[in-house]
Every structure is written in C-alpha cells, then in structure tokens.
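These are the residues of each chain, in order.
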Amino acid sequence: MQYFYWIQGVLSGNLGESMRLKSSVLSLVQEKLPVTLQLASMAIVVALGIGIPAGIISAVKKDTALDYGANIFALWGISTPNFWLGILLIFLFSVTLGWLPASGYVSLAENWRASLATTVMPAFVLGNAIAAILMRHTRSAMLQAMGADYVRTARAKGLYERRVVLKHALRNAMTPVITLGALEFGTLLSGAVLTEQIFTIPGFGKLIVDAVFNRDYAVVQGVVLVTSTIYIALNLLADIAYVLVNPRLRG
Amino acid sequence: MTASTLPAAPAADEAREENPWARAWRRLRRRKGAMVGLAVVILFVVLALGAPLIAPYDPIATSWSAVRKPPSWAHWLGTDEVGRDVLSRIIWGARASLSAGLVSVGIALAFGVPLGLLAGYAGGWIDALLSRMVDAMLAVPFLILAIALAAFLGPSLSNAMIAIGITATPVFVRLTRGQTLAAKVEDYVEAARAVGNPHWRIALRHVLPNIVPPLLVQASLAIAGAIIAEAALSFLGLGQQPPAPSWGSMLNSAQRFIEQAPWMAFWPGVAIFLAVLSFNLLGDGLRDALDPRHK
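If you read the protein sequences in the order shown, they are chains A and B.
For what it's worth, our numbering labels the leading residue of the first sequence as 980, then goes sequentially.
For what it's worth, our numbering labels the leading residue of the second sequence as 9, then goes sequentially.
Possibly wrong hints are sitting among the right ones.
Stated by the list, open to error - A few chain B residues that don't get close to chain A, going by computed Cβ distances all over 12 Å:
no. : residue
1   : ALA32
2   : GLY41
3   : ILE62
4   : ILE68
5   : GLU89
6   : VAL111
7   : ALA200
8   : VAL284
9   : LEU298
To be verified - Here chain A is said to cover these stretches of chain B; the calculated rule only asks that three of the stretch's residues, wherever they fall, bring their Cβ under 8 Å from a Cβ of chain A:
no. : region
10  : 154–168
11  : 227–239
12  : 272–283
If you are wondering where the hints come from, they were derived from the structure by calculation, not from laboratory data.
Using N, Cα and C, we set each Cβ at its ideal position, and we do this for glycine too.
So that you can see chain A by itself, here it is in the shape it has in the complex (with noise of 0.2 Å):
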C-alpha cells in the first residue's frame, strides 16, 4: 500500500521527502544531479578521447608494440580501483606538486576555470576505467569491420588506407561501440559514489552515500528511481543512434 502511494505520488512528480535534509528528494536531485551530469560528461569525453583512437590504433598497428602497449593500458584501466587512482593523483598533482585542488566543488556558472580545477581529476579517474573497456571493444570490433568485404572494396578501389580506415571501417565498428557507451553510464555512476566521495564532490553518488548511511530510505529510493530511469532513456538513446549510423537498419 506505503508502495502505491509512493507510485502515484512519483507519477504527480512527488518523490517524497528526506527526513534528514527536511527538503524534497525531487529538489536534492536537481540540486546535485547538475554537479554529476558535468563529471561524468568530462569523463566521456575523456574516455572517448583515449578510448577510440587507441582502439583504432592498436587495431591497425595489430601484434606490434603500440598494439601491446594499448592492450597493456586497457588491463591497467580495468584493474585499477578509482578510488585508490584517486588517491595517488590527488598525492601527485595536490600534495607534490600543488597544482590543484585536492578537493572540494566550483560550479561551472560561478567561475569555470575553478570549476575546471576541481573536476579535471575525478573526471579524469572516471574516465579512465571506461576509455579502456571502449578500447578493447573499439579495437576487436575494428578487427571485425578491417577483415570485411566492404573494406577490401574501398581498398581495390583505391583509396588511401587512412580513408579506408576512418570512413569505411570505423562507421561500421562504431554500432557495438556506441552501446558500450551507454550502457558504461552504470559504470560512470557507480564511479561518482567513490570518486566524488574521495574529492568531496557534493554530487549525485554523494547524496547516495550520504542517504544510505543515515538511512535516509526516500532519498535512496528516489535516487535508485532517477538513475534507474536515465539509464533506460540512454538505452533507448543508443537504439536511435544505431540506425543514426547504420543505414541499413532504417526503413
């Protein structure tokens, strides 16, 4: 019954009130949900940024020490807790060498270039971890799309394998790759709770790890419902984009 009315009052855009913070959940959520949505959109473009070129390249260059070095860095990313990555960044760039903030948030809106500061280490932590699963996937589904027919067309047709490469293959490895990303959102939250604990970030994963230790149950319920729901729209996002790419799925 407590249930039902929870559903309806979630239907009218009621998620309740936190005991706690004596504010509504739906007001903490668009309070914080901001601070993540930048993180994590850092995160992405870190991890597309390294992710895809490196999986192109190791592709490309297969068996040869770029190849072994990108495939290296992929089992680092994977295996390395954030939270410890966290940690030694913030010993390296804050401790030693004092060229950030250890800690602490400046919204984008306040002063951008402090904001900047605060989130290029745990943007940087996030993005990390998901670059490398892009990369593994980037790279086998380049090795697919290089041993195909259409690839060996573009060849015999002449083009410059830089094209054959960039137009021909990628377009075509890009379909797995593009849900990988979306679905690696999970990923990228599950991330914030640790990273934004570690850098005192008072972000979305902050308000769960804050919710949950005070037993703050309408917060963590509403927070589960948000994220829960962002990451069916994402999938659904990435449906559209597969027939965005592949032309042969439209019609």
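Start from chain A and add chain B according to the hints.
Chain B only, in chain A's frame:
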C-alpha cells in the same frame, strides 16, 4: 569437470580427440598473460592461507613508538597511523579480499545458475518473470545496488559478501539462460529427450555440463569485480570493520594521511590492483582457451 560430465560433451566426431578440458588447459598454458595471472592468484591464495606464518607482525597490534614510519628494514612497507605494520596488514587483508571474491561469486553462481537454467529450460511465464526481475536489477548500477544492500544488511564483511553476491547474480542468470536456450535445441539434448530422460536430468546432466565454459570465464572476471567491490564497500566503511585488516579500509584511513604517509595509500592499492589484474588476465585467457571459435 569430473569424468561423469564427459559423455554429454557435444560433437561425437571429436570424441576421438583428447578430452576437452585437457585441450583447454594446453591452450591456456600457451598464453603468457593467463599463466602470469594464475601464478599471482596462487601467490595471493598462499598469502591468504598462510597469513599467520608469513606476516612478520601482528596485523592489529598497535605500537605508539612506530607511528607512520616510512618503509624500513624493520617495516618493509612502513607503518600506519597507530603503528601497525602495513605489510602484515596487506598479507592478512588478502584473506578478506579473496574470500569476498570467492564467496560472493559462489553466492551469485548458486542462485544465478539454477535460476538461469530454469528460465531458459522452462520458458513461458517462468522465463518472462525471471527475465523481468533480472532486467530490473540490471537497471540499477552495480555498486549503487551493492551499497544499498550492504547498508540495509548492516556493515560487516559477511554482509558485504552477501550484498555483492546478490548484485552479481542477475548477470549469471542472464548468461545461463542464454546458453541454455542455445544448448536446448542441440541434437544431443534432443537425443536425451528421445530416450525418455526426465527434464531435471536433461537440464543437469546434458545442458549444464555444456554451458560450464562460459560460466567459468564469467566467474573469474566476476571475482575480479567482486574484489574491487569489496574494497569499495570497505573503503566506504560498509565492509570489513576495523581494526580487522582489509585493503579497502586501509585506503580509507590512508586518505587522511596522504601528505604525511603516502606509503599507507600506495601499497594496499597495489595489492588490490594485482589481485584484480590477475583474475582479469586469467579470465581473458580462459575465454580464449575455452572458446572454440578462437584458435
């Protein structure tokens, strides 16, 4: 994996070849990465089992004369904020991490495989119901679900294992279901049905042994994930409780002393990294060795 599973192995024309497990082992041995992974896994198992004999100091004995000492001959990896030997705590911490990895994946297998077999083999509304439940669980990010469950159960190492185990279960349900659907239509299952075997016997004796390889690969990768998850929960204070040593909680206390005692943060992380890396290497190697499409 016992001899009794072999008669159900597919493809009669390959029966004259060597036993498939021996062939997989031979392939695995050729893969350097997997062998390094296996060696490190064995090393950690030895450390965990032999902790009382190997660790140079008592992992929870405090010493006010040796607070936050950098690495030295007496304390190879230094000491922590209350003078405990970091090396000894890492060796004892291997127990928490490895048992968390094994137990939680054991839980996930114990629930996930039977449910997946049931869903895949029975089909119909049972499959629909189980599949929707799996979808719902997978829609919540892994660590967030694990944190919520661990907080609900109360902070302790065993509750963290249960929380991680439950969170890892849906992946195994889905994998087992998919493999079962594929195996169900194979000729050898058809043959088993034709000679009048009961359903439970077909599912356990004919389907299950043939879907073990992908499950084994997933299990070794899941152990790597579970070790990270346990470290994360302990880092947040939801796993192993102080003063008992765990790599995650060591990192948590080290974070406060990063300026004065960076070695406290460095070595536990190296331990987590190596343990996770070796299970990942082993999983990758197993996938290549067991997948007949890879040569």
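Open item on the list: So B:GLU89 supposedly isn't at the interface. Is its beta-carbon more than 12 Å from every beta-carbon in chain A?
Closed with: 15 Å, holds
TODO: Count the residues of the region 272–283 of chain B whose CB lies closer than 8 Å to any CB of chain A, then report whether that count reaches three.
DONE: Held - the region 272–283 of chain B has 6 residues with a Cβ nearer than 8 Å to chain A, which meets the minimum of three.
TODO: Taking the shortest Cβ-to-Cβ distance between B:ILE62 and chain A, state whether it exceeds 12 Å.
DONE: Correct as stated: the minimum Cβ-Cβ distance to chain A is 23 Å, above 12 Å.
Task: Assertion that chain A covers the region 227–239 of chain B - criterion: three or more residues, beta-carbon distance below 8 Å - done: holds (count 3)
Task: Beyond 12 Å from every chain A Cβ - status for B:VAL284 - done: Nearest chain A Cβ is 4 Å from B:VAL284, so the label is violated.
Open item on the list: A cut-off of 12 Å on Cβ-Cβ distance, and B:VAL111 was said to be off the interface with chain A. Does that hold?
Closed with: The assertion about B:VAL111 holds, with a minimum of 19 Å to chain A.
TODO: Mind verifying the non-interface call on B:ALA32? Its CB should be farther than 12 Å from each CB in chain A.
DONE: 21 Å, holds
Open item on the list: Confirm or reject: B:LEU298 is not an interface residue toward chain A, with every Cβ-Cβ distance exceeding 12 Å.
Closed with: About 17 Å separates B:LEU298 from the closest Cβ of chain A, which puts it past 12 Å; holds.
Open item on the list: The output says B:ILE68 does not contact chain A. Does that hold with a beta carbon cutoff of 12 Å?
Closed with: 23 Å, holds
Task: Beyond 12 Å from each Cβ of chain A, as asserted for B:GLY41 - done: 8 Å, violated
Task: Beyond 12 Å from every chain A Cβ - status for B:ALA200 - done: 35 Å, holds
Task: Cβ contact check, 8 Å cutoff: the region 154–168 of chain B against chain A, three residues minimum - done: holds (count 3)
In this structure, the earlier hints numbered 2, 8 are contradicted, and the remaining ones agree with it.
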